[in-house]
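A.B. asks: Chains A and B supply the protein sequences, listed in that same order.
Under the working numbering, the first residue of the first sequence is numbered 83, with each subsequent residue one higher.
Under the working numbering, the first residue of the second sequence is numbered 246, with each subsequent residue one higher.
Wrong hints could be hidden among the right ones.
Incomplete in silico selection of chain A near chain B, CB under 8 angstroms [what the hints assert, rightly or not]: (1) G91; (2) L95; (3) E97; (4) F100; (5) G125; (6) K181; (7) L190; (8) V192.
Only pairs whose alpha carbons sit at most 20 angstroms apart, straight line, appear in this in silico EDC-like list of lysine to aspartate or glutamate [unchecked claim]: (9) A:K181 to A:E97; (10) A:K150 to A:E97; (11) B:K323 to B:E289; (12) A:K138 to A:E151; (13) A:K134 to A:E158; (14) B:K323 to B:D308; (15) A:K142 to B:D341; (16) A:K181 to B:E256; (17) A:K150 to A:D137; (18) A:K142 to A:E97; (19) B:K323 to B:D302; (20) B:K269 to A:E124; (21) A:K181 to B:E263; (22) A:K138 to A:E158; (23) B:K323 to B:E307; (24) A:K181 to B:D301; (25) A:K134 to B:D341; (26) B:K313 to B:E263.
What follows is a list of derived Cβ distance ranges for each label pair [said to hold, decoys possible]: (27) B:R309 to A:S85: 41 to 49 angstroms; (28) A:K150 to B:S332: 36 to 44 angstroms; (29) B:Q262 to A:V164: 21 to 29 angstroms.
What the hints contain is simulated information worked out from the structure, not anything from laboratory work.
Note that the structure is a prediction, hence the values are computed from the model and not measured.
For every residue, glycine included, the Cβ atom is placed at its ideal position computed from N, Cα and C.
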Amino acid sequence: GNSVTQMEGPVTLSEEAFLTINCTYTATGYPSLFWYVQYPGEGLQLLLKATKADDKGSNKGFEATYRKETTSFHLEKGSVQVSDSAVYFCALTSGGYNKLIFGAGTRLAVHP
Amino acid sequence: DAGVIQSPRHEVTEMGQEVTLRCKPISGHNSLFWYRQTMMRGLELLIYFNNNVPIDDSGMPEDRFSAKMPNASFSTLKIQPSEPRDSAVYFCASSDREGSEAFFGQGTRLTVV
Chain A
83 GNSVTQMEGP VTLSEEAFLT INCTYTATGY PSLFWYVQYP GEGLQLLLKA
133 TKADDKGSNK GFEATYRKET TSFHLEKGSV QVSDSAVYFC ALTSGGYNKL
183 IFGAGTRLAV HP
Chain B
246 DAGVIQSPRH EVTEMGQEVT LRCKPISGHN SLFWYRQTMM RGLELLIYFN
296 NNVPIDDSGM PEDRFSAKMP NASFSTLKIQ PSEPRDSAVY FCASSDREGS
346 EAFFGQGTRL TVV
């Protein structure tokens, strides 16, 4: 079946450090891939997405490239800020009905 | 659009009571999802609807849980009777087409004492 595996957290970084959160997936067909972010006490918000191989999604300085050959969609940011502290979820949809399958989430804490 | 609207935001109830959570999806979206989030189990998909029809309810934990979508603008998730282990944040989400993202509500934090 379809599944998403992402690196366990928490990830603790200093402000302006480089961020990578790994995400790999297993899916039949050609999934769409997403990164969602959840700030404390809030719902999930879409951060970025990619719908086909080699697409790069980007938003707010975050980037992720859809790599079909390695079935990966790693999230990166060149310089994190304290305000980026949140939980990040990798997800995919495959097949009909947009059923979203989530990874376990990775908590990021950024310190001044 | 106001986004996905869930009510109530917080619910505290006693064990054995019936609880009803409500969701209004974004107008024009034809898929609706109910998720549960806990520290132990993360985000779990409970059930999803397409064009008001339940497509997959395999994530519903047991018969105490039921969900309905009587029309395109409203859905409910009911727990009866509630138990302390049902305490969690319940999210509703909607989307409009295959391959597109889902939009989430703010969630309902349920505490069963």
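A.B. asks: Could you tell me which of the hints above the structure violates, numbers in ascending order?
C.D. replies: 1, 2, 3, 4, 7, 8, 9, 10, 15, 16, 21, 27 and 29
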